[in-house]
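Peer 1: Using the sequences plus the hints, can you model the full thing?
For what it's worth, my numbering labels the leading residue of the sequence shown as 1, then goes sequentially.
Hints listed in this document are in silico derivations from the structure and should not be mistaken for laboratory results.
Treat the hints with caution; some may be incorrect.
Claimed, not checked - Derived DEER-like restraints, expressed as beta-carbon distance ranges:
hint	residue 1	residue 2	range
1	81	42	35 to 45 Å
2	149	32	15 to 25 Å
3	10	152	37 to 47 Å
4	73	30	30 to 40 Å
5	159	108	44 to 54 Å
6	146	101	12 to 22 Å
7	149	76	13 to 23 Å
8	140	107	27 to 37 Å
9	42	141	20 to 30 Å
Stated by the list, open to error - Here are the computed lysine to aspartate or glutamate pairs in the EDC-like style, where the Cα-Cα straight-line distance is at most 20 Å:
hint	residue 1	residue 2
10	49	113
11	124	113
12	114	148
For each residue, glycine too, the CB sits at the ideal point set by N, CA and C.
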Amino acid sequence: MLTIAICDDEPDQLLKAADALQAYLQQRPSLSGHVAAFRSGQELLAAAKARSGFDLYILDIIMPDLNGIETGMRLRELGSGGEIIYLTTSNDFAADSYETQAFFYLLKPVGRDKLFAVLDDAVKKLFRQRSEGIIIPVHGGTRRLLFDQILYAERVRRV
Numbered sequence: 001m002l003t004i005a006i007c008d009d010e011p012d013q014l015l016k017a018a019d020a021l022q023a024y025l026q027q028r029p030s031l032s033g034h035v036a037a038f039r040s041g042q043e044l045l046a047a048a049k050a051r052s053g054f055d056l057y058i059l060d061i062i063m064p065d066l067n068g069i070e071t072g073m074r075l076r077e078l079g080s081g082g083e084i085i086y087l088t089t090s091n092d093f094a095a096d097s098y099e100t101q102a103f104f105y106l107l108k109p110v111g112r113d114k115l116f117a118v119l120d121d122a123v124k125k126l127f128r129q130r131s132e133g134i135i136i137p138v139h140g141g142t143r144r145l146l147f148d149q150i151l152y153a154e155r156v157r158r159v
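Peer 2: Given below as structure tokens:
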């Protein structure tokens, strides 16, 4: 199941984006998912921490208290490997979005075709991470590790 978190401090923008995400999920019957909406970065961070993160984050940038870039940075500090897509009205933070390893940066208003194409690419990346791996030798045989399960690797004396 795909979990999507959307965060925007403006209720009408939050509702509009959540509706678009629900439409996206409905148009892809092979993709089951859930959309959770948040009105602040703090709310989103608390939920992400409680449930060990979401698969996708759709974040507005211009928000009071904790903006979208700061929220993205804190998500990364929590260890959340979900893909971040910024959906905002300002181009001013595009360079800053690289610091959060954002997947994409979209300007509002965004058409559904463009949003859905970006979501398709992000979902493909997520599923690839969950299914691709490496075979490593272990005592008694070999083991397949998914790339999504690897936190770090170390090589000592050719081992």
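Peer 1: If a hint holds in the structure, say so; if it doesn't, say that too.
Peer 2: Evaluation of the provided hints:
1. Roughly 21 Å separates the CB atoms of residue 81 and residue 42, a value that falls outside the hinted 35 to 45 Å.
2. At roughly 22 Å, the beta carbons of residue 149 and residue 32 sit within the given window of 15 to 25 Å.
3. Checked against the hint of 37 to 47 Å, the C-beta distance between residue 10 and residue 152 comes to roughly 39 Å, which is consistent with it.
4. Checked against the given bound of 30 to 40 Å, the beta carbons of residue 73 and residue 30, roughly 33 Å apart, stay inside it.
5. For residue 159 and residue 108, the hinted distance range of 44 to 54 Å is satisfied, since their beta carbons lie about 51 Å from each other.
6. For the hinted restraint 12 to 22 Å between residue 146 and residue 101, the CB-CB distance of approximately 19 Å keeps it satisfied.
7. Taking 13 to 23 Å as the suggested C-beta distance range, the pair residue 149 and residue 76 conforms, at roughly 18 Å.
8. Checked against the hint of 27 to 37 Å, the C-beta distance between residue 140 and residue 107 comes to roughly 54 Å, which is inconsistent with it.
9. Taking 20 to 30 Å as the suggested C-beta distance range, the pair residue 42 and residue 141 does not conform, at roughly 47 Å.
10. Between residue 49 and residue 113 the alpha-carbon distance is near 32 Å, which puts this suggested pair outside the 20 Å criterion.
11. Proximity of residue 124 to residue 113 is assessed by CA-CA distance (about 16 Å); at most 20 Å being required, the pair is judged to hold.
12. Between residue 114 and residue 148 the CA atoms are separated by roughly 27 Å; this puts the pair beyond 20 Å, and the hint is violated.
Hint compliance for this structure: hints 1, 8, 9, 10, 12 are broken, all remaining hints hold.
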